[in-house]
Amino acid sequence: DAKTTQPTSMDCAEGRAANLPCNHSTISGNEYVYWYRQIHSQGPQYIIHGLKNNETNEMASLIITEDRKSSTLILPHATLRDTAVYYCIVSGSARQLTFGSGTQLTVLP
Amino acid sequence: NAGVTQTPKFRVLKTGQSMTLLCAQDMNHEYMYWYRQDPGMGLRLIHYSVGEGTTAKGEVPDGYNVSRLKKQNFLLGLESAAPSQTSVYFCASSYSGGVRNQPQHFGDGTRLSIL
Numbered sequence: 001d002a003k004t005t006q007p008t009s010m011d012c013a014e015g016r017a018a019n020l021p022c023n024h025s026t027i028s029g030n031e032y033v034y035w036y037r038q039i040h041s042q043g044p045q046y047i048i049h050g051l052k053n054n055e056t057n058e059m060a061s062l063i064i065t066e067d068r069k070s071s072t073l074i075l076p077h078a079t080l081r082d083t084a085v086y087y088c089i090v091s092g093s094a095r096q097l098t099f100g101s102g103t104q105l106t107v108l109p
Numbered sequence: 110n111a112g113v114t115q116t117p118k119f120r121v122l123k124t125g126q127s128m129t130l131l132c133a134q135d136m137n138h139e140y141m142y143w144y145r146q147d148p149g150m151g152l153r154l155i156h157y158s159v160g161e162g163t164t165a166k167g168e169v170p171d172g173y174n175v176s177r178l179k180k181q182n183f184l185l186g187l188e189s190a191a192p193s194q195t196s197v198y199f200c201a202s203s204y205s206g207g208v209r210n211q212p213q214h215f216g217d218g219t220r221l222s223i224l
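These protein sequences, in sequence, are chains A and B. Read left to right, the first sequence gives residues 1 to 109 (the numbering used here). Read left to right, the second sequence gives residues 110 to 224 (the numbering used here).
You may find that some hints are simply not true.
Said to hold, decoys possible - For the chain A half of the interface with chain B, some residues (derived, Cβ under 10 angstroms), not all of them:
| # | residue |
| --- | --- |
| 1 | Q45 |
| 2 | G100 |
| 3 | S101 |
Stated by the list, open to error - Per label pair, the in silico range of CB-to-CB distance:
| # | chain 1 | residue 1 | chain 2 | residue 2 | range |
| --- | --- | --- | --- | --- | --- |
| 4 | A | E66 | B | Q181 | 39 to 45 angstroms |
| 5 | B | S176 | A | I74 | 31 to 37 angstroms |
| 6 | B | K123 | A | G29 | 33 to 39 angstroms |
Because the hints were derived from the structure by calculation, they are not lab data. Backbone N, C-alpha and C fix where the C-beta goes; we use that ideal spot for every residue, glycine too.
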């Protein structure tokens, strides 16, 4: 599976959009980009995933660059409850997920 | 619909004791997984199962055994607990990976301390 690089931490003002970047320059053609988050002391929560097209659901949007070497998770209106560690994972199968250290997002009031 | 339920939520063991962690899911998922998470680190896969009666090793399987006798349950066993196994253990389940790449759904974890 391709390796991912994420910033260690980010801050975002409540009500503003949170844009979380992820670099995956070694991604191969059949690998998906998955995003999970982990709120303190809870199990990871699935957010969204995509292959090459941009995706949107009720939680977030996923923007994947045309060359697929990077992506951005967008939380359109961040709330305090969105404070969590966000994991970007690249994998050819949902069965084989490797969680790195992720990005600690802190939403500030 | 409870999703993924882990039992117990907390446990303290002495070195050398044995115990079994239970994971139950009510979503009729084929795949189930056991992870461990150490402080400040991401999750690491211990074992997983692609169906009733089948199990496979993950990234860090040593010191653990698993069983999947029923589709809805996945058990993680520690035969002789060691302090290095102090961790938070998460169970997850998903539909068949396949081309649909269904996401994993996680339980809330079991916090295990080995003294």
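Outcome of the hint check:
Below 10 angstroms, beta-carbon pairs count as interface contacts, and Q45 (chain A) has one with chain B at about 7 angstroms; its hint therefore holds. Checking G100 (chain A) against chain B by beta carbon gives a least distance of about 5 angstroms; that is within 10 angstroms, so the hint holds. At its closest, the beta carbon of S101 (chain A) sits 6 angstroms from a beta carbon of chain B; the interface hint therefore holds under the 10 angstroms criterion. Distance hint check for E66 (chain A) and Q181 (chain B): the Cβ-Cβ separation is about 42 angstroms, which falls inside the suggested range of 39 to 45 angstroms.
A beta carbon spacing of about 42 angstroms between S176 (chain B) and I74 (chain A) contradicts the range 31 to 37 angstroms that was offered as a hint. Taking the beta carbon of each, K123 (chain B) and G29 (chain A) are about 50 angstroms apart, not inside 33 to 39 angstroms as hinted.
Hint check: violations occur at hints 5, 6; the rest are consistent with the structure.
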